[in-house]
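Guided by the hints, dock chain B onto chain A, whose structure is given.
Line by line, the protein sequences give chains A and B. Residue numbers for the first sequence follow this note's numbering, so the first one is 1 and each next one is one higher. Residue numbers for the second sequence follow this note's numbering, so the first one is 1001 and each next one is one higher.
By construction, these hints were calculated from the structure, which means they are not laboratory data. Mixed in with the good hints there might be a few duds.
Claimed, not checked - Far from chain A, some chain B residues (derived; all Cβ distances over 10 Å):
no.: 1; residue: Asp1045
no.: 2; residue: Asn1048
no.: 3; residue: Gly1059
no.: 4; residue: Pro1065
no.: 5; residue: Gly1106
no.: 6; residue: Leu1129
no.: 7; residue: Gly1148
no.: 8; residue: Gly1201
no.: 9; residue: Leu1229
no.: 10; residue: Tyr1264
no.: 11; residue: Asp1271
no.: 12; residue: Leu1272
Unchecked claim - Derived DMTMM-like pairs: lysine to aspartate or glutamate, alpha-carbon spacing no greater than 25 Å straight-line:
no.: 13; chain 1: B; residue 1: Lys1273; chain 2: A; residue 2: Asp8
no.: 14; chain 1: B; residue 1: Lys1006; chain 2: A; residue 2: Asp93
no.: 15; chain 1: B; residue 1: Lys1180; chain 2: A; residue 2: Glu81
no.: 16; chain 1: A; residue 1: Lys259; chain 2: A; residue 2: Asp247
no.: 17; chain 1: B; residue 1: Lys1003; chain 2: A; residue 2: Asp112
no.: 18; chain 1: B; residue 1: Lys1269; chain 2: A; residue 2: Asp60
no.: 19; chain 1: B; residue 1: Lys1006; chain 2: A; residue 2: Glu107
no.: 20; chain 1: A; residue 1: Lys75; chain 2: A; residue 2: Glu167
no.: 21; chain 1: A; residue 1: Lys18; chain 2: B; residue 2: Asp1271
no.: 22; chain 1: A; residue 1: Lys203; chain 2: B; residue 2: Asp1271
no.: 23; chain 1: A; residue 1: Lys203; chain 2: A; residue 2: Glu220
no.: 24; chain 1: B; residue 1: Lys1013; chain 2: A; residue 2: Asp161
no.: 25; chain 1: B; residue 1: Lys1013; chain 2: A; residue 2: Asp121
no.: 26; chain 1: B; residue 1: Lys1273; chain 2: A; residue 2: Glu71
no.: 27; chain 1: B; residue 1: Lys1013; chain 2: A; residue 2: Glu107
no.: 28; chain 1: B; residue 1: Lys1273; chain 2: A; residue 2: Glu155
no.: 29; chain 1: B; residue 1: Lys1006; chain 2: A; residue 2: Glu109
no.: 30; chain 1: A; residue 1: Lys75; chain 2: A; residue 2: Glu29
no.: 31; chain 1: B; residue 1: Lys1003; chain 2: A; residue 2: Glu71
no.: 32; chain 1: B; residue 1: Lys1273; chain 2: A; residue 2: Asp60
no.: 33; chain 1: B; residue 1: Lys1269; chain 2: A; residue 2: Asp8
no.: 34; chain 1: B; residue 1: Lys1006; chain 2: A; residue 2: Asp112
no.: 35; chain 1: B; residue 1: Lys1003; chain 2: A; residue 2: Asp147
no.: 36; chain 1: A; residue 1: Lys21; chain 2: B; residue 2: Asp1271
no.: 37; chain 1: B; residue 1: Lys1269; chain 2: A; residue 2: Glu71
no.: 38; chain 1: B; residue 1: Lys1003; chain 2: A; residue 2: Glu107
no.: 39; chain 1: A; residue 1: Lys116; chain 2: A; residue 2: Asp161
no.: 40; chain 1: A; residue 1: Lys284; chain 2: A; residue 2: Asp221
Glycine is no exception: its CB is placed at the ideal position from the N, C-alpha and C atoms.
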Amino acid sequence: MSIVLSIDNIAKSYGSVKALKGVSFDIPEGSVFGILGPNGSGKTTLLGIVMDVLKANSGDFRWFGQPGSPEQRRKIGSLLETPNFYTYLSAIDNLKITHAISGRGNEAEINDVLKKVNLYDRRRYKFSSYSLGMKQRLAIAASLLGDPKVLVLDEPTNGLDPVGIAEIRQLIIELRDKGHTIIMASHLLDEVEKVCSHVAILKTGTLITTGHVEEVLMDEDIVEMSAADLAALAAALNSWGHSVTVDEKTNTVQVILPKGTASLETFNRQCFEKGVVLNHLLLKKKRLEARFFELTNN
Amino acid sequence: MMKLIKTEWLKIKGYNSFWWIMGLTALSYPGINYMFYFVYKDITDQKNASGQLFKMALGNPFAFPEAWHSVAYFSSFFVFIPAVVVIMFISNEYTFRTHRQNIIDGWGRGQFITSKLIDVLIVTLLITLLYVAACLVSGFVTIKDGDGNNWGQAWYTGVFALQTFAQLSIAFLIGFLVRKAFIALGIFIFYFLILENILVGFFYVKVNDIGRFLPIEISDRMVPAPAFLGKIKSPEVYQESLDRIPMHVGMTIVLTTIIWLICYRINSKRDLK
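Same shape as in the complex, but just chain A (with noise of 0.2 Å):
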């Protein structure tokens, strides 16, 4: 799998404040990349620098192998931060500069992309007159001209009501079932698990991990266990050496063991060479939200 987007050692400072220090990671293509991080940690920084709308102090980047360029630029549809047209024109007066400057799409497929983001009906509307939520469709609109390869999304569904961030969901999925390369900041963690192949977990500029969703998310081996006789299968389990946890409420005991290192097999033949037979077996992986928070110390 080929390397869409390198990132190498950059370094980025607003006066005596880090913004970035030294972050490196690869992106790969065809990945829904999540890169998250609390407020402040650097994300939008990171992607302002690889669209060119900010510099580095140090560090570089590559797309697609090259030196960062207006050509490589034009092959990303972007949207950083917030949506930003042209108030006086509307909808399709500002795809068209879209269209002018990157040469992606064309006339035609402006109709194609409203119409994809629910924004057709309204398309000779100013833009000053649109509401939050249809100024930032239009924006996913303007990212989606020409059926770029590469989308780079900051914070995609804000804005948006609940049936519009179900729609981005949806879409997000779309283009990646169709090899798209999504480099996605966001804050929703539930979004990013549901569609993101891989994440980088800023912290206050520095790089906590990286890497595929479940290697990230699956620090430690969490098997979950129930049996009819719960104090029986505890003490099965202690007796082997492991730290149990108890939950009665879900009326389960969970083992954590070092990852890689479960073998889900092995505890049900032992439970059962003692006597307990097992009702319930599952080797469980951490909700990004807690592993999020276990990483940046929230």
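For chain B alone, coordinates are given in the frame of chain A:
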């Protein structure tokens, strides 16, 4: 280049303020010349000796070929009107944050400044066309007062265009650096109409004519006061001001080039916030 022009045209053609201000300019440029023409006509239509003497001594400044000079001089008073449009063009980009979006969408930072340079050139072209139209109307209406050399001073068209472009470039630089439309407009109009005139006058009286090197005055001196005004003051000083035109053309080109190089340089280095 054609792509940049096309893109800027997409931005401009839907901008109502642009058309309103250009409409205002279209009224003000011929209007100021018409007003001075009537003042002149009022004096020279007098049947008494002084009126006829005045006419004989100065000729008709609104007849060919002097019309090219006179109209350029009076029209240049109103460059602050198109300057409003130029400042709005750049400050709008900051207000709408499209100065970022244009780069994100695939323009280079240099291309962005070039696109604004095109805006200033478009406005300069429109203003120059307006000036030429005013000259032609003025010259042909008073054709009987002309000396038959209709195009003798038509070279003022180029000087007027350069003067307009140079002064609009100063307006652009202020808008580019200040970012806020009203503050930039305030600074430009205050400097253009008040401060520099005071400084030029002050230096002239107290020191010497060093005020001619001030940013607006450098290009103002390319179009000195027309003959009928200049000669009233002093024929020698008038001739000297004509002799200095090539020097001021050179200085204007240098200053304007520096202004745009500053814009390119700053935009290539700074964060686009």
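Checked hints:
Every CB of chain A lies more than 10 Å from the CB of Asp1045 of chain B, the least distance being 48 Å, so the non-interface label holds. Against the 10 Å criterion, Asn1048 of chain B stays outside the reach of chain A, whose nearest CB is about 57 Å from its own CB. With a closest Cβ-Cβ approach of about 48 Å to chain A, Gly1059 of chain B is found to remain outside the 10 Å limit, as its non-interface label requires. Listed as a non-interface residue, Pro1065 of chain B keeps its Cβ farther than 10 Å from every Cβ of chain A; the least gap is roughly 43 Å.
Its closest Cβ contact with chain A, about 3 Å, brings Gly1106 of chain B to no more than 10 Å, contrary to its assignment away from the interface. The beta carbon of Leu1129 of chain B sits about 25 Å from the closest Cβ of chain A, which is more than 10 Å, so the claim that it is off the interface holds. Listed as a non-interface residue, Gly1148 of chain B keeps its Cβ farther than 10 Å from every Cβ of chain A; the least gap is roughly 49 Å. With a least beta-carbon separation of about 41 Å from chain A, Gly1201 of chain B lies farther than 10 Å from that chain, consistent with its non-interface assignment.
At roughly 42 Å from the closest C-beta of chain A, the C-beta of Leu1229 of chain B stays outside 10 Å, upholding its exclusion from the interface. With a minimum CB-CB distance of about 15 Å to chain A, Tyr1264 of chain B clears the 10 Å threshold, and the non-interface call stands. Some Cβ of chain A comes within 10 Å of the Cβ of Asp1271 of chain B; the nearest lies about 5 Å off, and the non-interface call is violated. A beta-carbon of chain A is positioned within 10 Å of the beta-carbon of Leu1272 of chain B; the least distance is around 4 Å.
Taken as a hint, the Lys1273 of chain B and Asp8 of chain A pair is honoured in the structure, with Cα atoms around 23 Å apart against an allowance of 25 Å. Annotation: proposed proximity of Lys1006 of chain B to Asp93 of chain A holds, straight-line Cα distance about 12 Å (limit 25 Å). Proximity of Lys1180 of chain B to Glu81 of chain A is assessed by CA-CA distance (about 21 Å); at most 25 Å being required, the pair is judged to hold. For the proposed pair Lys259 of chain A and Asp247 of chain A, the alpha carbon gap of about 22 Å is at most 25 Å, so the pair holds.
Under the criterion of a C-alpha separation no larger than 25 Å, the hint pairing Lys1003 of chain B with Asp112 of chain A is consistent with the structure, at around 23 Å. For the hint linking Lys1269 of chain B to Asp60 of chain A, the alpha-carbon distance of about 16 Å falls within 25 Å, and the restraint holds. A C-alpha spacing of about 15 Å is found between Lys1006 of chain B and Glu107 of chain A, which places the hinted pair at or below 25 Å, so the restraint holds. Distance restraint check for Lys75 of chain A and Glu167 of chain A: the Cα-Cα separation of roughly 24 Å lies within the 25 Å cut-off, and the hinted pair is therefore satisfied.
Among the hinted pairs, Lys18 of chain A with Asp1271 of chain B is consistent with the structure: their alpha-carbon atoms are about 15 Å apart, no more than 25 Å. Between Lys203 of chain A and Asp1271 of chain B the alpha-carbon distance is near 22 Å, which keeps this suggested pair within the 25 Å criterion. At most 25 Å may separate the alpha-carbon atoms for a hinted pair to count; Lys203 of chain A and Glu220 of chain A meet this at roughly 21 Å. With a C-alpha separation of about 34 Å, the suggested pair Lys1013 of chain B and Asp161 of chain A falls outside the 25 Å cut-off, and the hint is violated.
Distance check on the hinted pair: Lys1013 of chain B and Asp121 of chain A sit about 23 Å apart at the alpha-carbon level, within 25 Å; holds. The straight-line distance between the Cα atoms of Lys1273 of chain B and Glu71 of chain A is roughly 22 Å, inside the 25 Å bound, and the hint therefore holds. Restraint check for Lys1013 of chain B and Glu107 of chain A: satisfied, since their Cα atoms lie roughly 18 Å apart, inside the 25 Å limit. A hinted pair counts as satisfied when its Cα atoms are at most 25 Å apart, and Lys1273 of chain B with Glu155 of chain A qualifies at roughly 18 Å.
For the proposed pair Lys1006 of chain B and Glu109 of chain A, the alpha carbon gap of about 19 Å is at most 25 Å, so the pair holds. Distance restraint check for Lys75 of chain A and Glu29 of chain A: the Cα-Cα separation of roughly 14 Å lies within the 25 Å cut-off, and the hinted pair is therefore satisfied. Proposed proximity of Lys1003 of chain B and Glu71 of chain A is supported: the alpha carbons are some 15 Å apart, at most 25 Å. Distance hint between Lys1273 of chain B and Asp60 of chain A is fulfilled; the C-alpha atoms sit about 20 Å from each other, no more than 25 Å.
For the proposed pair Lys1269 of chain B and Asp8 of chain A, the alpha carbon gap of about 20 Å is at most 25 Å, so the pair holds. Simply put, Lys1006 of chain B and Asp112 of chain A have alpha-carbon atoms about 23 Å apart, close enough for the 25 Å limit, and the pair holds. Proposed proximity of Lys1003 of chain B and Asp147 of chain A is supported: the alpha carbons are some 21 Å apart, at most 25 Å. Between Lys21 of chain A and Asp1271 of chain B, the direct Cα distance comes to roughly 18 Å. Compliance with the 25 Å bound is thereby established for this hinted pair.
Distance hint between Lys1269 of chain B and Glu71 of chain A is fulfilled; the C-alpha atoms sit about 19 Å from each other, no more than 25 Å. With a CA separation close to 16 Å, the supplied pair Lys1003 of chain B and Glu107 of chain A stays within the 25 Å bound. Simply put, Lys116 of chain A and Asp161 of chain A have alpha-carbon atoms about 16 Å apart, close enough for the 25 Å limit, and the pair holds. Taking the CA atoms of Lys284 of chain A and Asp221 of chain A, the gap is near 7 Å; set against the 25 Å cutoff, the hint holds.
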